[in-house]
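Undergrad: Residue numbers (this note's numbering), protein chains in the order written: chain L, 1 to 401; chain P, 1 to 265.
Hints were generated in silico from the structure; no laboratory data involved.
A portion of the hints provided could be inaccurate.
Stated by the list, open to error - Derived pair list, reagent style PhoX-like, types lysine-lysine, alpha-carbon separation capped at 20 Å: (1) L:Lys113 to L:Lys69; (2) P:Lys172 to P:Lys199; (3) L:Lys394 to P:Lys87; (4) L:Lys397 to P:Lys18; (5) L:Lys96 to L:Lys80; (6) P:Lys12 to L:Lys394; (7) P:Lys94 to L:Lys234; (8) L:Lys123 to L:Lys96; (9) P:Lys12 to L:Lys397.
To be verified - Reference excerpt, derived from the structure (chain P facing chain L, CB under 10 Å, subset only): (10) Ser68; (11) Thr69; (12) Ala92; (13) Arg93; (14) Lys94; (15) Leu105; (16) Leu109; (17) Tyr117; (18) Phe118; (19) Lys120; (20) Asn122; (21) Ala238; (22) Arg240.
Ideal Cβ placement from N, Cα and C applies to all residues, glycine included.
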Amino acid sequence: MWLVFQKEIKELLRDRKTLFFMIALPILLFPLLIGGTLYVGTNVVKGAVEKTRTYAIIGDQFSDELVGKLNEIEQFSLRKLPSKVQTKEQIIAYVKEGNIDFVIKIPENYSSKVLDSGKITLKLYRNQAGLKVVESKLNEIVDELSASYQTTALSALGLSESQKISVITPIEVEEINVADERETQGESIGGFIPYLIFMLCLQGAMLPASDLGAGEKERGTLETLLITPIERTKIVLGKFFTIAFAGVTSALVTVLSIALWTAVLSKGEAGEVLVKFMSSIDAIDFLLVFFMLIPVVAIFAAVLLTLSIYARSFKEAQGYMTPLVFVTIIPVIFAMLPGVQLKGIWAWVPLTNVALAIKELIKGTMDYVQLFAIFGSTAIIAGGLLAFCIYWFKQEKVLFR
Amino acid sequence: MIEINKLAKKFKVENPKKLSAQDKKDPRLQGRFFHSVREVSFSCQNGEVLGLLGPNGAGKTTTLRMLSTALQPDSGSINIGGFDILKSPVEARKQIGFLSGGTGLYGRLSGRENIAYFGKLNGMTTAEITKRTAELSERLDMDSFLDRRSETYSTGMKQKASIARSVIHSPKVVILDEPTTGLDIMATQTVLNFIRDLKRDNVPVIFSTHHLDEVSELCDRVTVIDKGVTVFNNTFDAFRALDEVSLHEAFLRSIGKPKHQTTDL
Numbered sequence: 001m002w003l004v005f006q007k008e009i010k011e012l013l014r015d016r017k018t019l020f021f022m023i024a025l026p027i028l029l030f031p032l033l034i035g036g037t038l039y040v041g042t043n044v045v046k047g048a049v050e051k052t053r054t055y056a057i058i059g060d061q062f063s064d065e066l067v068g069k070l071n072e073i074e075q076f077s078l079r080k081l082p083s084k085v086q087t088k089e090q091i092i093a094y095v096k097e098g099n100i101d102f103v104i105k106i107p108e109n110y111s112s113k114v115l116d117s118g119k120i121t122l123k124l125y126r127n128q129a130g131l132k133v134v135e136s137k138l139n140e141i142v143d144e145l146s147a148s149y150q151t152t153a154l155s156a157l158g159l160s161e162s163q164k165i166s167v168i169t170p171i172e173v174e175e176i177n178v179a180d181e182r183e184t185q186g187e188s189i190g191g192f193i194p195y196l197i198f199m200l201c202l203q204g205a206m207l208p209a210s211d212l213g214a215g216e217k218e219r220g221t222l223e224t225l226l227i228t229p230i231e232r233t234k235i236v237l238g239k240f241f242t243i244a245f246a247g248v249t250s251a252l253v254t255v256l257s258i259a260l261w262t263a264v265l266s267k268g269e270a271g272e273v274l275v276k277f278m279s280s281i282d283a284i285d286f287l288l289v290f291f292m293l294i295p296v297v298a299i300f301a302a303v304l305l306t307l308s309i310y311a312r313s314f315k316e317a318q319g320y321m322t323p324l325v326f327v328t329i330i331p332v333i334f335a336m337l338p339g340v341q342l343k344g345i346w347a348w349v350p351l352t353n354v355a356l357a358i359k360e361l362i363k364g365t366m367d368y369v370q371l372f373a374i375f376g377s378t379a380i381i382a383g384g385l386l387a388f389c390i391y392w393f394k395q396e397k398v399l400f401r
Numbered sequence: 001m002i003e004i005n006k007l008a009k010k011f012k013v014e015n016p017k018k019l020s021a022q023d024k025k026d027p028r029l030q031g032r033f034f035h036s037v038r039e040v041s042f043s044c045q046n047g048e049v050l051g052l053l054g055p056n057g058a059g060k061t062t063t064l065r066m067l068s069t070a071l072q073p074d075s076g077s078i079n080i081g082g083f084d085i086l087k088s089p090v091e092a093r094k095q096i097g098f099l100s101g102g103t104g105l106y107g108r109l110s111g112r113e114n115i116a117y118f119g120k121l122n123g124m125t126t127a128e129i130t131k132r133t134a135e136l137s138e139r140l141d142m143d144s145f146l147d148r149r150s151e152t153y154s155t156g157m158k159q160k161a162s163i164a165r166s167v168i169h170s171p172k173v174v175i176l177d178e179p180t181t182g183l184d185i186m187a188t189q190t191v192l193n194f195i196r197d198l199k200r201d202n203v204p205v206i207f208s209t210h211h212l213d214e215v216s217e218l219c220d221r222v223t224v225i226d227k228g229v230t231v232f233n234n235t236f237d238a239f240r241a242l243d244e245v246s247l248h249e250a251f252l253r254s255i256g257k258p259k260h261q262t263t264d265l
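Sequences and hints are given; from them, build the entire structure.
TA: Here it is, written out as structure tokens:
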């Protein structure tokens, strides 16, 4: 069996296409993707924030204070409205045509003494698209002024400091998070990690699997191999371990590449968070995550090899394997749904249970006894699929289709 | 010596309804099964070359696949030097060398690595493989290219490396399934010389071909299969005697076709 494994690995490592997809692509593609996203994202946001917005004020005579605060904002540039723009419709049309970014109308009743003036409604005319920045800047000013006017008004009513606070915020929810940092972070990314690892394992194993079964058939080497004295079970096992090895290697290389490049490209900030988060996970939990992946990779390798042996050509094999990605996504998506926990029926759904277990391990809330039951049940499924693959490989109708 | 007696093999037909009217008339089609080989018998002594002839679809490849143990016969027996290969196919495979038109080499391995892999699969030690590879390399003049990846080989080089791979374990019998199909003159000559060498080494060779000049050049015995049944099994001289003028006509007579009628040979 190891003879077949050694030869297959040697061939695999000499195949530029496989090496490219398994090693070069994750190492080179992810920095490009992550770097590109960070670069574009940062520059777009920076550009949007720093862009100067033109604006006009109607009723500026009613509040010097508000006008003064708006003038202090560097990105806002005051313009005068043409005299023909007076009515609401005319203002809307003027903004809509893009002549100005926004218009603020200050009402006549504007006063810092809100007890006398009543509720003040500022009108902001703006085009919805791309002007969130304006709204947030304006809200900052309004919040500051509102707080100041409220305090003045409440003092005028003769309320004490504590009464003022009670009136302003009568009810407040104070959240006390009992989850530690690792659990909180694990909950947010723990569902995504198994999805990523499963997909990478599957994708990494697909190309070698197509080559090792259907590829051999297509090149005419399979028949030559079948008539050597080695037992067919050993041939299957040799090929099976090669596919599993490719899947695991591909996943590990990609995950390491993502971690490394994220740390490098985010100039250490994300790196620190990552390192802190990673270091909060026990070594034993890391090992257990890897341990849980073994039967999953075995399931993938057995199914892929079974499909590959059945196919007449490399192309046919790839055609059979593509739907497998969707079949795998579904149970992993289940594990990402809120409310799905490693309890009851979910503990018995293949792949979903492993994905949930990995999530629990990352969060640090794993019930270890259950872990072995999940490992056991997944290993039994993997063993069953491998046994079927061996049976399949001995069928003349499969080998000589 | 190889002795094949009343070999038979049938295959399930996936969609019998989709077969053409002519196919449905074929006597080998019985219900859902196609009896590819119905009764094939022949024998080949040590040092003899047996030419296996027959029209396309006669059952030659199925017969050779059963001989190589790739397929399991439904009935009949295969005996190599008194050893029933059907009872223990794994052991029997050590006695058989098999070569077809498709070279069966792994392109990303060198010729030497291909040969060594099959040597190891046949249970040989590294020392045995090294010695035997050197011997075959000299005999087939492969020194200049044996360490290059086999995907870079010319057709002739591939065929030489394939020959070496198929006989690395010094088999007691060699089976060749149309080994010269698609080869140029030089590569064909390499294969024919290889068969001559085997004959000289007293190894029995079973050789299926469509080229009657190769039969004339090499074969001691001729077996003709038609529609899964042995229709001629005798010496080459007896085959030639079927028509003194033309081997082509002799072949047509062996499968019961009237003189001058063309057939798909």
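Undergrad: Give a verdict on every hint.
TA: Quick rundown of the hints versus the structure:
Distance check on the hinted pair: L:Lys113 and L:Lys69 sit about 18 Å apart at the alpha-carbon level, within 20 Å; holds. As the CA atoms of P:Lys172 and P:Lys199 are separated by approximately 11 Å, the hinted pair is consistent with the 20 Å bound. For the suggested pair L:Lys394 and P:Lys87, the alpha carbons sit about 17 Å apart, so the restraint of at most 20 Å is met. With a CA separation close to 19 Å, the supplied pair L:Lys397 and P:Lys18 stays within the 20 Å bound.
The suggested pairing of L:Lys96 with L:Lys80 holds, with an alpha-carbon distance near 17 Å, which does not exceed 20 Å. Taken as a hint, the P:Lys12 and L:Lys394 pair is honoured in the structure, with Cα atoms around 16 Å apart against an allowance of 20 Å. Restraint check for P:Lys94 and L:Lys234: satisfied, since their Cα atoms lie roughly 16 Å apart, inside the 20 Å limit. Restraint check for L:Lys123 and L:Lys96: satisfied, since their Cα atoms lie roughly 16 Å apart, inside the 20 Å limit.
As the CA atoms of P:Lys12 and L:Lys397 are separated by approximately 9 Å, the hinted pair is consistent with the 20 Å bound. With 10 Å as the threshold, the beta carbon of P:Ser68 comes within range of chain L, its nearest partner Cβ sitting at about 5 Å, so the hint holds. A cut of 10 Å between beta carbons decides the hint on P:Thr69: the least distance to chain L is about 6 Å, and the hint holds. For P:Ala92, the shortest C-beta to C-beta distance to chain L is roughly 8 Å, which falls under 10 Å, so the interface hint holds.
The interface hint given for P:Arg93 holds, since its Cβ lies 4 Å from the closest Cβ of chain L, which is under the 10 Å cut-off. Satisfaction of the interface hint for P:Lys94 is found here, the shortest Cβ-Cβ separation to chain L being roughly 5 Å, below the 10 Å cut-off. With 10 Å as the threshold, the beta carbon of P:Leu105 comes within range of chain L, its nearest partner Cβ sitting at about 7 Å, so the hint holds. A cut of 10 Å between beta carbons decides the hint on P:Leu109: the least distance to chain L is about 6 Å, and the hint holds.
Proximity of P:Tyr117 to chain L holds as hinted, the smallest CB-CB distance being about 5 Å (cut-off 10 Å). Residue-level restraint check for P:Phe118 holds (minimum Cβ-Cβ distance to chain L is 6 Å; threshold 10 Å). With 10 Å as the threshold, the beta carbon of P:Lys120 comes within range of chain L, its nearest partner Cβ sitting at about 5 Å, so the hint holds. Hint on P:Asn122 holds. Least Cβ distance to chain L is approximately 6 Å, under the 10 Å limit.
Hint status for P:Ala238: violated, given a least beta-carbon distance of 31 Å to chain L, over 10 Å. Hint status for P:Arg240: violated, given a least beta-carbon distance of 33 Å to chain L, over 10 Å.
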